[in-house]
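K.L.:
Residue strings, one per chain:
Protein chains: 2
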Amino acid sequence: MDILINTEILISTLQNVISVIDKSYSKPILSNFMIKTLENEGGQGMVEFSATDYELSIIERIPAEITTSGSICINAKRVFDIAREFQAKETRILSTEQLWVHISCGASELRLPSVEVGLYPQPNIEELKQNLKISTVDLAQCIDMTLFASQTNEARRNLMGVALSITDEQKTRWQATDGHRLAQVIQPVEEMNFGEVPEIILPRKALMEIRKVCELMGEIVDITFDERVAQFSGNRIHFKTRLIEGKFPNCDPIIPKDNERKSTIHRENLIHSLRIVSAISTDKLRPVKLNLQSGLLKLESEKTEFGEASDEFEVNYDGEPFEIGFNTRYLLDVLNVMKSDEILMEFKSPMSPSVIRDPNNDIFLSVLMPLRTEW
Amino acid sequence: MDILINTEILISTLQNVISVIDKSYSKPILSNFMIKTLENEGGQGMVEFSATDYELSIIERIPAEITTSGSICINAKRVFDIAREFQAKETRILSTEQLWVHISCGASELRLPSVEVGLYPQPNIEELKQNLKISTVDLAQCIDMTLFASQTNEARRNLMGVALSITDEQKTRWQATDGHRLAQVIQPVEEMNFGEVPEIILPRKALMEIRKVCELMGEIVDITFDERVAQFSGNRIHFKTRLIEGKFPNCDPIIPKDNERKSTIHRENLIHSLRIVSAISTDKLRPVKLNLQSGLLKLESEKTEFGEASDEFEVNYDGEPFEIGFNTRYLLDVLNVMKSDEILMEFKSPMSPSVIRDPNNDIFLSVLMPLRTEW
Numbered sequence: 001m002d003i004l005i006n007t008e009i010l011i012s013t014l015q016n017v018i019s020v021i022d023k024s025y026s027k028p029i030l031s032n033f034m035i036k037t038l039e040n041e042g043g044q045g046m047v048e049f050s051a052t053d054y055e056l057s058i059i060e061r062i063p064a065e066i067t068t069s070g071s072i073c074i075n076a077k078r079v080f081d082i083a084r085e086f087q088a089k090e091t092r093i094l095s096t097e098q099l100w101v102h103i104s105c106g107a108s109e110l111r112l113p114s115v116e117v118g119l120y121p122q123p124n125i126e127e128l129k130q131n132l133k134i135s136t137v138d139l140a141q142c143i144d145m146t147l148f149a150s151q152t153n154e155a156r157r158n159l160m161g162v163a164l165s166i167t168d169e170q171k172t173r174w175q176a177t178d179g180h181r182l183a184q185v186i187q188p189v190e191e192m193n194f195g196e197v198p199e200i201i202l203p204r205k206a207l208m209e210i211r212k213v214c215e216l217m218g219e220i221v222d223i224t225f226d227e228r229v230a231q232f233s234g235n236r237i238h239f240k241t242r243l244i245e246g247k248f249p250n251c252d253p254i255i256p257k258d259n260e261r262k263s264t265i266h267r268e269n270l271i272h273s274l275r276i277v278s279a280i281s282t283d284k285l286r287p288v289k290l291n292l293q294s295g296l297l298k299l300e301s302e303k304t305e306f307g308e309a310s311d312e313f314e315v316n317y318d319g320e321p322f323e324i325g326f327n328t329r330y331l332l333d334v335l336n337v338m339k340s341d342e343i344l345m346e347f348k349s350p351m352s353p354s355v356i357r358d359p360n361n362d363i364f365l366s367v368l369m370p371l372r373t374e375w
Numbered sequence: 001m002d003i004l005i006n007t008e009i010l011i012s013t014l015q016n017v018i019s020v021i022d023k024s025y026s027k028p029i030l031s032n033f034m035i036k037t038l039e040n041e042g043g044q045g046m047v048e049f050s051a052t053d054y055e056l057s058i059i060e061r062i063p064a065e066i067t068t069s070g071s072i073c074i075n076a077k078r079v080f081d082i083a084r085e086f087q088a089k090e091t092r093i094l095s096t097e098q099l100w101v102h103i104s105c106g107a108s109e110l111r112l113p114s115v116e117v118g119l120y121p122q123p124n125i126e127e128l129k130q131n132l133k134i135s136t137v138d139l140a141q142c143i144d145m146t147l148f149a150s151q152t153n154e155a156r157r158n159l160m161g162v163a164l165s166i167t168d169e170q171k172t173r174w175q176a177t178d179g180h181r182l183a184q185v186i187q188p189v190e191e192m193n194f195g196e197v198p199e200i201i202l203p204r205k206a207l208m209e210i211r212k213v214c215e216l217m218g219e220i221v222d223i224t225f226d227e228r229v230a231q232f233s234g235n236r237i238h239f240k241t242r243l244i245e246g247k248f249p250n251c252d253p254i255i256p257k258d259n260e261r262k263s264t265i266h267r268e269n270l271i272h273s274l275r276i277v278s279a280i281s282t283d284k285l286r287p288v289k290l291n292l293q294s295g296l297l298k299l300e301s302e303k304t305e306f307g308e309a310s311d312e313f314e315v316n317y318d319g320e321p322f323e324i325g326f327n328t329r330y331l332l333d334v335l336n337v338m339k340s341d342e343i344l345m346e347f348k349s350p351m352s353p354s355v356i357r358d359p360n361n362d363i364f365l366s367v368l369m370p371l372r373t374e375w
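Line by line, the protein sequences are chains A and B. Last residue of the first sequence: number 375 in the working numbering, and the count goes up by one each step with no gaps. Last residue of the second sequence: number 375 in the working numbering, and the count goes up by one each step with no gaps.
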């Protein structure tokens, strides 16, 4: 292989590739990535960079001047550390038969060992029947507004991601839950065909990595999938992820339909108050009691040996006095991903799930189980 | 105690206090800090915030409206976490006889437990004979340009800081060394009186904390000291640190006087090249060979199983060809604290110490021991 690549494109591509590389080093082969030359497309040489950690793969195709075609497999972090210091406009990558790779840029010359290409679990893009097209902005929002509610530990693997399915109104539904809370976005998309796969569960890690680089994926992301894998393609970047096996629970029965006590609350005020009141708590989830009175929200901590705290501020509420407990962390998680000035909270009883909505954007809702307060 | 403090001043003061709090929690009492009221100064109430980790103390005096005088000792991190969320302009801090402290700001009300004041090793500012006044900008530079060369491990405690002494020309000398390198700044100051204490060794931690907040210390910092402690005072902030006991080695004989091979080198170019050439090394100190030829500097890595690397760029040099090895990390440390576009390197032989200077500012120099290269 003998190729010439624009150095800036090389660096940004390596930066994306690095995100998929296995940081645990438990399998040394996964610290490498691949470069291979593609057939010329209309006279424009193209090379493909790819990396995988078995679960998640990235494949990125970039223009290059190809003198000799071929492929190499080489340590990702080392090449990235070197390339990001390069000053000259173009970088040459040349491989020899003895598995040495020569990299040069301006006067910089490096000779690095590489790995037999056949040893690397090289990812490929598949033709998959099911697909949907979503704007990158909407995709970012769907991830941000749901991922926080997914399960982070392995106790229930089917909850360690976001379920993507289709509603009766032909919109996409994005749902995540950890059993204590649920987040849901109902997002209309440009085009979709769920065919024989009505629901898939996208793993956390894949969504986190896609979210990080989705600004580089152009205006529209094309998602293709079957019952095993999903591929996210936009611009020159392709992510491919294994799906989580198993069934996602039916969350519709959990979403309250008749929560009649409603209050509109200034989001930032609530965040500050929660942080103040929860600061004295040593419990990880930091319980808090919300006390609604006409036009006023009062927050109270538990009384412990570490002290007690209360705060209050004006809100829009004209129902009867009402008290309910929550885990502060769960409340802050949803408040922190919302962007609206005000939030709408809907309650029924101190023992039944509450709903948090954006009053100006009805595609999102979050359900939160209350906490029994004993103070 | 019953006091009213401007909330913004409270938050910024707590932020400084927190920096001194012992993060290891090995001595629980040191997770607290103190507030005490001072005598009114011309009608303006003042309170003193202080914290110590036994080695380093901070004392900060801020205005407050004092209703009842007194003092409290309370958990620093908890109070900081709470106060930084406060929205209202003023914060009231009130203590009761049962060691409860009430903190309120706007509608936020907290009750926190406190600690018996007598249990806390309360720091105090002393009248010390020796002193010097230095501009804050110069102090920051003296710390930045020397601290990197100090010893970080406990093998030789007397090298774990910066030695401050006086030159024959009545300037201050700041020196640090770890045995492999030396950094020195000769800084004229506004006023000084070293009296009976010709040299003190300022510990790393103190200098790091002082450096972080020295922008808040006004234009001039007043340093007072004896043979045990040094105090840095500026604006309303006072740091007090124990000095390192022991004798700092006489470094004058190490500073080469007759290094005749000189090269002026573009600093950023050298940084990029060092990072490229050292990237293939797995050795922590990453050896590199510099090869000077007429008008050209060539860098070469060792050849290992991980590859080899070289780079070159134009420099100002008109001597005979010359080769010398260094640890890349030591070179980068000094290059990264320098600010000049060009650096001046002075060599004698591949086995004798080299000097790095700023060609436009002769107050600074660094001495670097070479590394025997066997390639």
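Quick caveat, the hints were computed from the structure, so don't treat them as lab data. Glycine included, each C-beta is placed from N, C-alpha and C at the ideal position. Treat the hints with care, as some may be off.
Result set (DSSO-like, lysine-lysine): computed pairs, CA atoms no more than 30 Å apart in a straight line [claimed, not checked]:
id, chain 1, residue 1, chain 2, residue 2
1, A, Lys205, A, Lys36
2, B, Lys89, A, Lys339
3, A, Lys339, B, Lys77
4, A, Lys303, B, Lys23
5, B, Lys212, A, Lys89
6, A, Lys284, B, Lys289
7, B, Lys212, B, Lys303
8, B, Lys89, A, Lys298
9, A, Lys284, B, Lys23
10, B, Lys77, A, Lys89
11, A, Lys36, A, Lys212
12, A, Lys89, B, Lys289
13, B, Lys284, A, Lys27
14, A, Lys303, B, Lys77
15, A, Lys77, B, Lys289
16, B, Lys298, A, Lys303
17, B, Lys171, A, Lys77
Residues of chain A clear of chain B, computed beta-carbon distances all greater than 12 Å [said to hold, decoys possible]:
id, residue
18, Asp2
19, Lys23
20, Glu85
21, Arg111
22, Thr167
23, Asp168
24, Pro198
25, Glu245
K.L.:
Of the hints stated earlier, which fail here?
P.N.:
5, 6, 7, 10, 16, 17, 20 and 21
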